Each structure stands twice: as C-alpha cells, then as structure tokens.
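There are 2 protein chains.
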Amino acid sequence: MTQGYCVATYRLHDEKADFHKKAAGIAVGLTVGSWTELPEAQKAHMRKHLGQVVSVDVHEPGAGEPPENRYADISIAYPDVNFSRDIPALLVTVFGKLSMDGRIKLIDLHFSESFLAGFPGPKFGAAGVRGLLGVHDRPLLMSIFKSVIGHDLDNLREQFYKQALGGVDLIKDDEILFENPLTPIGKRVEACMAAAKQAEAETGQKLLYAANLTGPTSKLRVRALEAIGAGANALLFNVLAYGFDTLAELAADPDINVPLMAHPALAGAYYPSPHYGIAANVLLGKLMRLAGADLVLFPSPYGSVVMPREENMAIREALLTESAADYAHGAAADAALSLRRSFPVPSAGIHPGLVPLILRDFGGEVVVNAGGGIHGHPMGTAAGGQAFRQAIDAALAGRTLQEAAAEAGHEALKAAIELWGVKS
Amino acid sequence: MTQGYCVATYRLHDEKADFHKKAAGIAVGLTVGSWTELPEAQKAHMRKHLGQVVSVDVHEPGAGEPPENRYADISIAYPDVNFSRDIPALLVTVFGKLSMDGRIKLIDLHFSESFLAGFPGPKFGAAGVRGLLGVHDRPLLMSIFKSVIGHDLDNLREQFYKQALGGVDLIKDDEILFENPLTPIGKRVEACMAAAKQAEAETGQKLLYAANLTGPTSKLRVRALEAIGAGANALLFNVLAYGFDTLAELAADPDINVPLMAHPALAGAYYPSPHYGIAANVLLGKLMRLAGADLVLFPSPYGSVVMPREENMAIREALLTESAADYAHGAAADAALSLRRSFPVPSAGIHPGLVPLILRDFGGEVVVNAGGGIHGHPMGTAAGGQAFRQAIDAALAGRTLQEAAAEAGHEALKAAIELWGVKS
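For the protein sequence lines, the chains are R and X, in the order given. Per my numbering, the first sequence starts with residue 640, numbered consecutively. Per my numbering, the second sequence starts with residue 640, numbered consecutively.
Please note: incorrect hints may appear among the correct ones.
Here's a subset of chain R near chain X, in silico, CB distances under 7 Å, partners left out [what the hints assert, rightly or not]:
#	residue
1	GLY703
2	SER723
3	TYR881
4	GLY907
Calculated lysine-lysine pairs in the DSSO-like style (CA-CA distance at most 30 Å, straight line) [what the hints assert, rightly or not]:
#	chain 1	residue 1	chain 2	residue 2
5	R	LYS826	X	LYS660
6	X	LYS687	R	LYS858
7	X	LYS1062	R	LYS655
8	X	LYS687	R	LYS826
9	X	LYS661	R	LYS1062
10	R	LYS762	X	LYS858
11	R	LYS785	X	LYS682
12	R	LYS660	X	LYS1062
13	X	LYS687	R	LYS785
14	R	LYS661	X	LYS1062
15	X	LYS660	R	LYS1062
In case anyone wonders, no lab produced these hints; they're calculated from the structure. The structure presented is a predicted model; accordingly, all values stated were derived computationally and were not measured. Glycine included, C-beta positions come from ideal geometry on N, C-alpha and C.
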C-alpha cells in the first residue's frame, strides 16, 4: 500500500531565515520529533511517521522592495498514519503549534486519498440543490431577511412571503437569529414554510428556507431534526463557531437530509492578514466542501465587506473544481474528485446592476445573494426579487441590463438600475 | 430586572474613518438592523434589542507616526436578550460578520451577569488542581513527552516513569498524539498510570496525567469517560479545533470529573496580527476560563515560540483575576468573580535557569512547563525534573540559582545552569 500524506502549504515571512532549514525542522518537529540523532534501527521503523519537505519556494525582495517582503512558500507532507481521519486532528497536526511560530500563514491543503475517502462531503452539492428546486438553467437567487431580532412570527412570515413572491429560490435566516421566545426554530420554520407554500401557489416556484441551526453543540442534531420535522428544507450553520468537525458530523448524518448552508461568521478572524491565519480558499473553500457544506457564503468582492477578487476566485475554484488533483496529494491530473460541488454564494453589497459582473466572475454555478439589494428596492421587496430575476435572464441572454430594462414588464429592473446603476 | 449586556471591545485601524459613526453603525447593524427609520411605536418595543455604543477612544497618529497607525478602541454593548447563553451565539453576534469588515480585532469581552451565570467555569480550578496533588506552597511543575508518534506502550511507560521520577506534578500528552493502534487512549492511560504509581512508591509524590482527548466531536464524551475509566486523572484538549462550546459542555458534565487542560493549538491563526483576529487575553484567557479550562497553556515570552510579555501578563490576569468587574459588565468593583481560577501554563523554551523570571512574572500561581528543558538535561530526564524542583525551591527561598547549585545534592541544578545559564 502506498503511504498516504496530507500536504500543507505555508507562506512564511522572515527577513533572514534559512527557509530550507526551517522546512526541514517543521517536517521533523511536527511528526517524529527528532530524526538525525535516532539510531539507524529506529529510523527504519520511524520512517513511515516522518514528515517530508515537498518544496521550498523563496521569494527574495526585488530592488526597491522592503526586506520584510521576503517570504517562502513551503509545502510539507505529513504521513496520515500520524493522525485520525478528522479535521481537528489534521489542523492540529499541520497548524497547531506551528500557527504560533512567527509570521506564518496556512495557504493551501492537499489531502491524502485515504483521508479524503473518510469524508462523504456535501450530501446534495450544487447539482442536488438544483434538483430540489427544479432549476437547472440559471444561477440561483437568494434573499436574506431584513431584520429579525425582536420581530414576531407574523412579521417573519410576512417578510418571508414578500421575498418569496419576488421569485427567489432560497431564503436564509440572519446568522444572528438564535433560539428566542418570539420565534423558536420549530415555529419559525412552520410559519415560513406556510408562507412559502402560499407564494408557490401564486408563482409556481419552489423555495428552500435555510433556518439557522444554533445552540449547544451536543443538541444541534436534535434541533436540526426538530427543524426538519417542522418542514425545514435547508439549514444555515455558523461553522467556524463550532468547528469543521461539527459540520462534518451533521453532513454525514443520514437523518439530516436537507442541504447545509455554511455561514462565514468569524472567518475574518483568520484570513485577511498576509502574515497570519488561514487563507480564505482553505477556510471557506476546501475545508467547507470537505466537511460537507452544500452552499458556502463568503464576502463578495463587490460590497462594503470586501475580499479581493483573486481570493474570491480561489474560493470558487475550491468549491467547484472537479479535478482530484486539486484536493488529493498525488492524484492523477485527469482523475475526478469524489466530493460533490458546493454552491458558491458571494455575499454583501449585491444589487441587480452587479449581476452581469457576478456571472462573468463566477459563471453559471453561483447563488446571487442579496439583502439590501432586494428589500431596498423602491417598489418593494417582491419587486426587488423580480429585478434580480430580470437581470439574470437578461445577462444569460447576452443582453445589457439597460436594454432589458427598457422593455415593458421590466419596470422592477428599470427602477433598480436607476437607483443602483450597472457595474461592469 | 436590569437589562443585561455583553460588551465587546474592538480595535479598528483606519486612516480616515469617522469612528463614532462606525461605532453607531455596529451597535444598530448587529442588533436590530435599522433604527432611525423605525416608527416611534416600534422603537419602544425594539429598544431592548438595540445595541449601545459604550465608548470610542480615538488614537490619532502623532508627529512622525505613519497615518496607518490611526485607530480607535470601540466598545459596544449587545443586549443579551438577543442571543442564547452559549459562546458560539456570543461570538457570532459580536464578531461574526464584523470580523470581515476591514481592519478590526476583537480585543476584549465583558459578559452580562446573566450570561456569566450560565457557565459553571472550571470544575477544579487552580485550587482544585492543587488539592488533587496536595501541593499548596509552590508553583507546579509539568513535563511533556519527548516524542510519542510511532512509539509503543512500553516506550511511553518508560518515558513517563523517568519524568515522574524527577518530581514533576503533571505530565501531558503531546497534542499531536491521536487515536492510533500502538497507543490508544485507554491502554495509554493504563500504562502511564501504572508508571505513575510505581514512581509514587519511590517519590511519595502524586501526579496528574493529561491524556489527549481527540476524535469526532460527538464521541468526545464517551472517549473521555473511557479514559477516566482507565484511570486518567486529567485530560488535554485542543479547544480551538473544536470550538469553545465543546469545552464548555465537557466542563459542565458531572461525569467528566477530572481537570481539563486547554492546549492553544491553532491560536496563532487568531491573535498575532495587530489588525485582525482575537486578542490572546480573550482567546486564551477569558474564553478558556469561561468555558471551564482548569489549566491553560499558551506560548511563553521566553522561548522560540514567542508572545510579547504584556500579552502573557494579560492572559495571566484573565485566568487569575478574582474581581467580577474584569468579567461582568457593570459589576461592582469589589464584587467577587464566580468563576474558579484557571492555572496559567506558559510554555515553550523553558529551562531551569528561567524559573526566577517565571516566578517574578507570574507569581506563585503558575505551572512551570518544560519539554526539552527536562529531557535535554545532561544527566537524563529524571535529573531534568529534579533541576526544576531545585530551582523552584531556591527561588521561593529567595536564593540565587547559582548559590543553590553550589550545594551538595544540587548536582542536577548545577548541570542545568551550566548548560542553559540563568536568565534574569
């Protein structure tokens, strides 16, 4: 049997370190602990536990660059015989103590095929979500409640209904809506799913409602089943507040038979620094998909909560790639990745005038997700959804939004681009 | 009943932002969503859900300082009626979306008295750990296995025995030792506790062994009970890989009746950046104690894995303070904090010559924790522990290590300071 390795890639900033020596120190220090001083007989036995330096790419600052720009990208292979088949074990191995060792950022991960095989990944994936909705020929549209805290069931049902009338495919809870006496999850799901049915009778359109799954870790499963029992057909989850393993266990649970939508709450504590933390493509890309998120929200490059476009594209690639080589160390270039694809959901600052840009950046496999861009529509919430749907149809047909907006029946789009403009 | 608020303090870096406006935006945006446009009747009802700006302290860069040094420390009070009594809900509320909103770092937290009351905190605390060991008059001494991966039970038992002979009070697993066929947790605990008994027969000294609790989140409780059943009298836990709530549930579980030792693995992904993340005193101080860690490891300011001394002191203060005002928003200055104290365990780079400095920095309520500083002793592992104990005794007696080392019976200390020197 070929030895399996998980490979972590780090960016280390240091003005004068010997990066090759540093890499060798990591490979030994985070696996067998010591090597050169081991007796030969013991080396033979310990070799299968020893980490390996895969590559060290040093970036020396060019003329005019400050010395603190010196860095190296270092890849280390960790024998997966050293750790159990769960994400906490992997992360503690590759970035536990090491995260505290100077200016170091975890920028990529490749898993062993054996490690990967321990994860069923998304239960539905992008294609499964499309299947549930019966929508296969266009990006999906999602909306978010405007305000939820302090509102009662009638108010939420009303908000839900108006959003649903606009033709959105998904509606998600606010991630800061927790268990509360006014709108506990079971009652909330009943009220909102009733509104969904009512809207479907008018629009003929199916809809997924992602109710926010919260509370003590050991009670999440029961609460998820309660929500599903009440009719929930999707769940929102603040993954980083609970750890990836909790998502992985929910996703692998056959009784939790609805799509899981990962919220990026707390992600900004990890990814934005160039020197520390975990890069967005790992945190919100590979690990979310591995752990089984069917849809993944992340800050769009368009709004006030910004993430640079190249980081967005790297997340998208991690969520949608079908090449095993992107995830598995040593996989053949043409081998297919076993994990279902996760729907990318770039979020924040989205209005209908951005739709052509979103489709250019993300292609067709994307969820267009808006809050203020729907509720803030001058003709109301339902028109807000309609404007997005009209913008999506126009963009798919290769037409400009201005052209489409000029036509009869496109008043919603017209009003939207008058207010927010069109960006390209 | 007085309204309860949890207060989060952030440091925001921005060259030109209106920080007062920003603060007001956070207080509204992360609670009721919108305020000024609400009808008066609704305001009356919603006021109890509205966040409050507590303070905005702007630091304008002085002459010669670069403009990017401009920052403000902003404190926002969040009504705890808005979230459930668990750490994920609190963190998602105060630093979920906000973590992704520019250069912002969470630098402090104060809880409402009602929120605090939901947490029993450490089951033993520093005093309880001392009680288990019967040691009340000196800092404790802990040692770490040298290498564990790839070693069998006989090897671990032998390593354990040598460490125990040196007079250490606690021995901890390596945090990267996971379930494995050679040394599964039940068998490991049996072997090591047998070695502990054997050593105790010779030294007369009690010892706690913190076995590493790992695996799938939903199985942690059962595995902890298995370890305890096999004789484990403490557990090590990689808290940040699982989330604070998992620690809180383990700590609140009456069947898990042994001290919990929190390892800081992954902490470096959060605290080192001046611009992003969660400060060490919150991450490794307040939240660990609130969640119930009896002992907390963190990078010492002395070794190669460095943390600035003032950050270390802030963690120490968070783990040991007995003033309710340090934890509870609005508590009286002389009120006592209900949470037991957590033992601070500054780690990495510790040798006997540092003991006087550690005691000066940390006082008597500290665990002196060494790996290489024990195993690397020229006279062997047992002498390594003895050298530390001799250094601790000397420092407590107000003597220099050099003085003590010159006496008969202190050969272990003498050899240690010849190798590593004395730092003051």
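| query | Which hint numbers doesn't this structure obey? | reply | 1 and 5
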